[in-house]
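**Student:** Note that the protein sequences, when read in sequence, are chains A and B. So the first sequence is residues 1 to 81, counted in the working numbering. So the second sequence is residues 1001 to 1523, counted in the working numbering.
Derived from the structure by calculation, the hints contain no laboratory data. Accuracy of the hints is not assured; some may be wrong.
The calculated BS3-like cross-link candidates involving lysine-lysine, where the alpha carbons are at most 30 Å apart (straight line), are [as the list claims (entries may be wrong)]:
| id | chain 1 | residue 1 | chain 2 | residue 2 |
| --- | --- | --- | --- | --- |
| 1 | B | 1421 | B | 1397 |
| 2 | A | 77 | B | 1421 |
| 3 | A | 78 | B | 1064 |
| 4 | A | 77 | B | 1128 |
| 5 | B | 1197 | A | 77 |
Covered stretches of chain A (in silico footprint by chain B; criterion: 3 or more residues with CB under 8 Å from a CB of chain B, positions within the stretch not fixed) [unchecked claim]:
| id | stretch |
| --- | --- |
| 6 | 4–11 |
| 7 | 15–24 |
| 8 | 52–63 |
Coverage of chain B stretches by chain A, computed from C-beta distances (three or more under 8 Å per stretch; other residues unrestricted) [unchecked claim]:
| id | stretch |
| --- | --- |
| 9 | 1038–1047 |
| 10 | 1055–1063 |
| 11 | 1090–1104 |
| 12 | 1310–1321 |
Note that CB positions come from ideal geometry on N, CA and C, so glycine has one too.
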Amino acid sequence: MIKNYDLFIAHLKRTGRLKLLPLVLHELRSEEARAKRLSSKTETAAENPSLISGWRTLENGMLTDRSGKSALIDIYKKITA
Amino acid sequence: MESIIKKIEAEISAWSPQGGSEEVGIVRATGDGIAEVDGLSNAVMSEMVLFDPTFDRTLAEALKDPSPVYGLVLNLEEDGVRAVILGDASKIYEGMLVRRLNRLLSIPVGEPLVGRVVNPLGEPVDGKGSSGATEMRPIEREAYGVIDRAPVNVPLHTGVKAIDAMIPIGRGQRELIIGDRGTGKTSIAIDTIINQKNEPASTRPVCIYVAIGQKESKTAKLVAELEERGAMEYTIIVTAPASAPAALQFLAPFAGATIGEYFMEQGRDALVIYDDLSKQAVAYRQMSLLLRRPPGREAYPGDIFYLHSRLLERAAKLSKERGGGSLTALPIIETQEGDVSAYIPTNVISITDGQIYLEANLFNKGQRPAINVGISVSRVGSSAQTKAMKKVAGKIKLELAQFRELEAFMQFSSDLDAETKKRIDAGRRMTEVLNQGRGVPLPFHMEAAVIFAATNGYLDAFSPEEVGAVEATLQEYFSREAPDVLAAIGESKEISGQLEKTLREKLDTFVARHGSETSSART
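Can you make the complete structure from the sequences, with help from the hints?
**Tutor:** Next up, the structure:
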């Protein structure tokens, strides 16, 4: 990531690549959005404790399921298919 | 109710808590049946993924929509993958979770599929419930190599006289059916399926008809016809209609080949018809452009040749060690204004072992099937032709070629010399004999007997205009008065010795009886 924007713009000016600035900004925005999408999320499954409970978390592109929610949905789908 | 409880019990007992984590991705953008996914850095090409709408939703909401939407990974990129959506793309949204299924796209195959209509994912669409097929096979696989193959030497009878006599097809061959729209391409394919009813059950091939990008009404009509003719009992229909996503239309032929390969590997014969590969190529072009792959000639992607070659190369006649089964492929290509030199037609012509070329002009003249014998060819089929057919059909191509040369002079018939007139009449007679309506494929022995009569001058007593009607009478005559001769031809696959003598006697009787009738009618 760019830490000092002034220095970065000065560098682009010096090397005659200022035209690239919009593209760089676009890339930075999409990187930021990507990082946001892949940021950690957690959900707790407590809506019906007699059926399922626990949590699911999503972090760095890995899903950890400690609730059995996926398994329950899979079983339901298999039976109703 | 009890069965549902049993199902639940079975599923619960089979379930084991899976610890650990799984790799997932997040939908970055979606549109036109393509999903751009962040993450999934370990996904492989052609891997199936599941679009999971359950994250951040309550259990009740998640269960409301029980039909899962699958995707197929087709582009591996620096920071994610692109996948085609195999289902309702409107259910996919930005931020949706995408789970890897850790398996390549596979479909169920097996005996339970026979008689069913399925989509390219192997799911039944005929409203008759689950197919019950449990064996799964990957839809893409490498074709058999040289060592595993045997030469094509067993005929596959289409029941169409012109084809079985002049452009014979062998089991394991790839024969292209090519022509403009409305020239009878599908009719030949359907007649071939119906004709397999005439084969003994032990050697009857399982037929797979793959409908790509067709109207659903056309497919429904076809299924009804096959059912009515009793042909569905050995046929499987794979359908990806025009309304299906391009991805499914692209996958349909591969699904057909996978189902056919199953039967081939059981040592049985299978016939797969791809109707048609032009539409598959268009679907693949659409998908490739949406996946941002660089376009080439006619905007098709660079690997369009490989798409068709890897599909058609899966047709094979296996060696005895491999069980001796076969997979015959009849791909269909639709041309525009008879242009066979377009990109896709030339590709598929060069891949296949021959082509049956149907011409709109001949069709409009009333010739059925409208085959242009001059440029139709079968490169390996002649070695699979039976002795009987070889013997009777040897002269036909030559006679018809001579006829075509002289055909232009037909309008000056009064000024022609006797020899030329004789040749023209012989050609017209032969053309009439080879004329055959849709939906009436002939068993092999009947074809051989009729062509024997035509090539040995037994129909010379009749004028070319009469030959069509005379041929129908001849068929009736054979069925009524010479069933033993027909059965013997069917069994020995040869016309020689005593059998030939008896056949000639029967034909002499026929000509004596009907020749005089028609000549008296003429006078």
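**Student:** A separate judgement is required for each hint: does it hold in the structure or not?
**Tutor:** Cross-check of the supplied hints:
1. B/1421 x B/1397: Within the cut-off at roughly 18 Å; holds.
2. A/77 x B/1421: violated (74 Å)
3. A/78 x B/1064: holds (14 Å)
4. A/77 x B/1128: holds (19 Å)
5. B/1197 x A/77: Cα-Cα ~40 Å, so violated.
6. 4–11: violated (count 0)
7. 15–24: violated (count 0)
8. 52–63: holds (count 6)
9. 1038–1047: holds (count 4)
10. 1055–1063: Coverage by chain A holds here, the residue count being 7 at a Cβ distance below 8 Å.
11. 1090–1104: n = 3 at 8 Å, threshold three: holds.
12. 1310–1321: violated (count 0)
Against the hints set out earlier in the document, violations occur for numbers 2, 5, 6, 7, 12.
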